[in-house]
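Peer 1: Here are the chains, one letter per residue:
Protein chains: 2
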Amino acid sequence: MEILKKRILSDGEIHEGNILKVDGFLNHQIDIPFLQEIGKEFYRLFKDENINKILTIESSGIAIGSMVAQEFGCPLVFAKKSITKNIAGDIYLTPVESYTHGTTYGVIVSKSFLGKEDRVLIVDDFLAIGNALDGLIHIVKESGAELVGCGAVIEKGFQGGGDRLRKKGIHVESLAIIESMDCENKTIVFRD
Amino acid sequence: MEILKKRILSDGEIHEGNILKVDGFLNHQIDIPFLQEIGKEFYRLFKDENINKILTIESSGIAIGSMVAQEFGCPLVFAKKSITKNIAGDIYLTPVESYTHGTTYGVIVSKSFLGKEDRVLIVDDFLAIGNALDGLIHIVKESGAELVGCGAVIEKGFQGGGDRLRKKGIHVESLAIIESMDCENKTIVFRD
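Chains as they are written, first to last, in my numbering: chain D, 226 to 417; chain P, 226 to 417.
FYI, nobody ran anything at the bench for these hints, they're computed from the structure.
One or more hints might be untrue.
When chains are identical, the list treats them as one kind, so a pair holds in a single copy or across two.
Claimed, not checked - Calculated lysine to aspartate or glutamate pairs in the EDC-like style (CA-CA distance at most 20 angstroms, straight line): (1) LYS341 with GLU367; (2) LYS265 with GLU296; (3) LYS393 with GLU409; (4) LYS336 with ASP388; (5) LYS230 with GLU367; (6) LYS305 with ASP256; (7) LYS336 with ASP256; (8) LYS336 with GLU238; (9) LYS265 with GLU409; (10) LYS341 with ASP388; (11) LYS306 with GLU283; (12) LYS246 with ASP315; (13) LYS246 with ASP256; (14) LYS336 with ASP236.
These figures come from a predicted structure and were not determined experimentally.
Using the sequences and the hints, build the whole thing.
Peer 2: Structure representation (structure tokens):
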């Protein structure tokens, strides 16, 4: 998605440790008209799949998920993160390792909001190692719902999560795939 | 807002300790077309105020904030919660007490995204005691931005936060104000 690549180049900040900050338009201050375009692009990519539920994870997936769900005219469910790994109730719960923080947290979705009648598109802001997506995919499968695919706004191709999921046969679409980043020269190379 | 009151009565669950669960349409599974109507209502209430930024707090304010920002055609900024109360960097940080959890957390907004050029509408899902709103209001004032008002989807009138802020001269609009709830009989009385 050309406007996204341009926006990453103009507003993204590269920091040490392969960190790309897009706080100015994607996950702290959110450019809502821009996100509407992102929603439309995911709709274009998945519109023939009879999707009836969008699934994401708090917090930075929620605004994106809202704009995607708006295009599909369907509900958004956002998974909650909890440091408590044992919570009672009718929930799907799976542990996810945080690459950034070196900790493990629980990802939780209420059983009321995901089931075998659902055709689910998972969306998130970033796809890197893919740990969060793995957790969400696990929950979709446990619920008996049909996983239609996964959409990431920005994929860090060099961290391999997207290609690992594609090799498993999962339909993964990322609107911009970063092949490499150079913190010193402030350059970003996108995959074609 | 009549459709909201009806939805609370049909889908809300009253639990002990004055807890109203609206997980089915507002803050876990989100009815996006319904939220668009909520966004339009806040726009109707504040459209003459030259608002150029919507401020909310993660996580359950983000979807609402997105729909409100969409109506105003302006960016959304969501404040982050952190258990770490001392974080370096160019941020506004204020401590907020959690009534529900009995703990204190830090509410954080980057200084890059709020300043004296901004006319801000704060929105959130619930207004009860008003601690989270107090924190956001404090940050808006610290930034030099103009606080235009606060919008809550559901106000628990009996917990007093909304009226306390109104007495201070802040323009607070809540789309449904609950005067009382009865857990045993499952009844809700709205303020006229």
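Peer 1: List, from low to high, the hint numbers that the structure doesn't satisfy.
Peer 2: Numbers 3, 4, 5, 9 and 10 - these are the hints that the structure violates, sorted from lowest upward.
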